[in-house]
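K.L.:
Place chain B on chain E using the hints.
The listed protein sequences correspond, in order, to chains E and B. Residues in the first sequence are numbered from 1 upward in steps of one, following our numbering. Residues in the second sequence are numbered from 1 upward in steps of one, following our numbering.
Derived by calculation from the structure, the hints in this document are not laboratory data.
Heads up, simulated DSS-like pairs for lysine-lysine below, C-alpha to C-alpha not over 30 Å straight-line: (1) B:LYS413 - E:LYS40; (2) B:LYS84 - B:LYS111; (3) B:LYS334 - E:LYS6; (4) B:LYS409 - B:LYS481; (5) B:LYS413 - B:LYS482; (6) B:LYS84 - E:LYS83.
Just so you have them, the derived chain B footprint on chain E, three or more residues with Cβ under 8 Å: (7) 53-61; (8) 76-88.
For each residue, glycine too, the CB sits at the ideal point set by N, CA and C.
Next come the chains, spelled out residue by residue.
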Amino acid sequence: MRITRKEVEHVATLARLKLDHEEIETFTGQMAAILSYVDKLSELDTEGIIPTSHAVPMENAFRPDDTYPSLGTENALANAPDKTDDFFKVPKVIE
Amino acid sequence: MEIFELTVHELHEKLKKKELSSVEATEAMLGRIEATDGKVNAFITVCNEEALESAREADKRIAEGRMDILTGIPIALKDIFLTKGIRTTCASRMLGNFIPPYDATAWIKLKERGAVLLGKLNQDEFAMGSSCESSAFGTTRNPWNQECIPGGSSGGSAAAIAAQQAAATLGTDTGGSIRQPASHCGCVGLKPTYGRVSRYGVIAYASSLDQVGPMTRDVRDAAIMLGAVAGHDPLDSTSVERPVPDYLGSLLPDVKGLKIGLPKEYYIEGLDPDVKKAMELAIETYRGMGAEFIDISLPYTDYAVACYYLIATAEASSNLARYDGVRFGHRSGKAGSLIEMMSRSRDEGFGAEVKRRIMLGTYALSSGYYDAYYLKAQKVRTLIMQEFLKAFEKVDVILTPVAPTPAFKIGEKTSDPLQMYLSDIFTIPVNLAGTCGLSVPAGMSSDGLPIGLQLIGRPFGEEAIIRAGYAFEQATEWHKKKATI
Numbered sequence: 001m002r003i004t005r006k007e008v009e010h011v012a013t014l015a016r017l018k019l020d021h022e023e024i025e026t027f028t029g030q031m032a033a034i035l036s037y038v039d040k041l042s043e044l045d046t047e048g049i050i051p052t053s054h055a056v057p058m059e060n061a062f063r064p065d066d067t068y069p070s071l072g073t074e075n076a077l078a079n080a081p082d083k084t085d086d087f088f089k090v091p092k093v094i095e
Numbered sequence: 001m002e003i004f005e006l007t008v009h010e011l012h013e014k015l016k017k018k019e020l021s022s023v024e025a026t027e028a029m030l031g032r033i034e035a036t037d038g039k040v041n042a043f044i045t046v047c048n049e050e051a052l053e054s055a056r057e058a059d060k061r062i063a064e065g066r067m068d069i070l071t072g073i074p075i076a077l078k079d080i081f082l083t084k085g086i087r088t089t090c091a092s093r094m095l096g097n098f099i100p101p102y103d104a105t106a107w108i109k110l111k112e113r114g115a116v117l118l119g120k121l122n123q124d125e126f127a128m129g130s131s132c133e134s135s136a137f138g139t140t141r142n143p144w145n146q147e148c149i150p151g152g153s154s155g156g157s158a159a160a161i162a163a164q165q166a167a168a169t170l171g172t173d174t175g176g177s178i179r180q181p182a183s184h185c186g187c188v189g190l191k192p193t194y195g196r197v198s199r200y201g202v203i204a205y206a207s208s209l210d211q212v213g214p215m216t217r218d219v220r221d222a223a224i225m226l227g228a229v230a231g232h233d234p235l236d237s238t239s240v241e242r243p244v245p246d247y248l249g250s251l252l253p254d255v256k257g258l259k260i261g262l263p264k265e266y267y268i269e270g271l272d273p274d275v276k277k278a279m280e281l282a283i284e285t286y287r288g289m290g291a292e293f294i295d296i297s298l299p300y301t302d303y304a305v306a307c308y309y310l311i312a313t314a315e316a317s318s319n320l321a322r323y324d325g326v327r328f329g330h331r332s333g334k335a336g337s338l339i340e341m342m343s344r345s346r347d348e349g350f351g352a353e354v355k356r357r358i359m360l361g362t363y364a365l366s367s368g369y370y371d372a373y374y375l376k377a378q379k380v381r382t383l384i385m386q387e388f389l390k391a392f393e394k395v396d397v398i399l400t401p402v403a404p405t406p407a408f409k410i411g412e413k414t415s416d417p418l419q420m421y422l423s424d425i426f427t428i429p430v431n432l433a434g435t436c437g438l439s440v441p442a443g444m445s446s447d448g449l450p451i452g453l454q455l456i457g458r459p460f461g462e463e464a465i466i467r468a469g470y471a472f473e474q475a476t477e478w479h480k481k482k483a484t485i
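Next up, chain E with everything else stripped away, as it sits in the complex (with noise of 0.2 Å):
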């Protein structure tokens, strides 16, 4: 299975990820040994098999709709990068 470098480039936009020159030439080959193994999978015939998206059979997870203490702003803010009064500070975001 042949994934080109235009279409590595692209998967590690949509992932965030600045890759340089030397990671997409080796993450296009390493990308297209792994895909190609995983191709196997077309093997199977799985026409009405229902997908599995939970382990193990569970419905309807709830909890009462009643509030509790959350992390607080202090806590929530001691890790942050950069910070300014009781919010998160990024670069500009509206061009």
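P.N.:
What follows is chain B alone, placed relative to chain E:
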């Protein structure tokens, strides 16, 4: 016998009889870590002050007659468990200085019973790996042979037991990350059924596969630890409301009439001769104890690795999207737009294996590929799960090797990710099926490296595998062997 060689239950007896204090036990472990971790590198963070403080608390509690089986016992946690106020890195530069503002439920449960935290253990970054080689804090070395890997991703947890640096540890298992390192390091490792133990406060890799489990010197300790951490948690909606049985009640060395399934797909031609020999001996041991063997076939085994590396990577790409340099974790110092900041932070913070898996997962979920990859894998997962459930109609437990070979040398498989992935073939199906598995020491290779056997149980059938594991352990001496550092 040195204090650091004692099991949890042995330490408990000594603490109960006041032959030993928790402070003495903790000092002994901290001393052992100091003396050996330069060679092993099992620990990312050692909590000297906090450990001694907790030990003093535990001693007070013991003196007041309020002791529990885990009170005063020095343990350590894989660095994937959030520990409030104590740096938690998940072995990644991304979280190199992260101080969690809350505790993982599994840790709270141990803490409430008075366990003493010695420190946080090394692992593959974000639990992605089978060798502990993809840690931002260096590889952990196998205490049995320091040129070899301890296994992964819970490599530090296994090595700490083998190096006698902690009485018990907790690891996590997504594709074999408890069982495989346990096998490679000659200790016991238990992956409970999905939903048995809360994942709250456990840094997520693949949410439908991750499970917390104990890694210990013997099966009794594993039963003690499992009993302590299992149970429904309102903070984890995937944890089940089933009552927690008394796992200690399963510690009966009796397997007469136990129906053990041997799946032919796990006893393949390419199996390492030492692993083959260990399994043959194990089968003889069980036969001698009156167990019955039934040949079974699990044909979908062949598709498990492919299935796993689509589901796990897809879930990982989603789970790791939170590391964007905004609210916590590494933020790139290089200037740029918001998106550039995020992309650079992630590129700088994540190691190669993590990036590779995020890329695979993103690809598998992307438009045009979702049906062929992720959805297909989820359907194959159903087939794998159904196959196990059908087998359990005929057998009580399934016996298999844990890994195709004993621990390989550091660096041996790092250039070929696919080769590394294929070595998880025996453990991955258990995670896909959501059921439980136990790794128990079962032999040594001709090079002196441990070999474990795997007991797979039906969902929520931990009692059966604990019993089968205990019986085997009591009939053999493998678990008594100790690595010399």
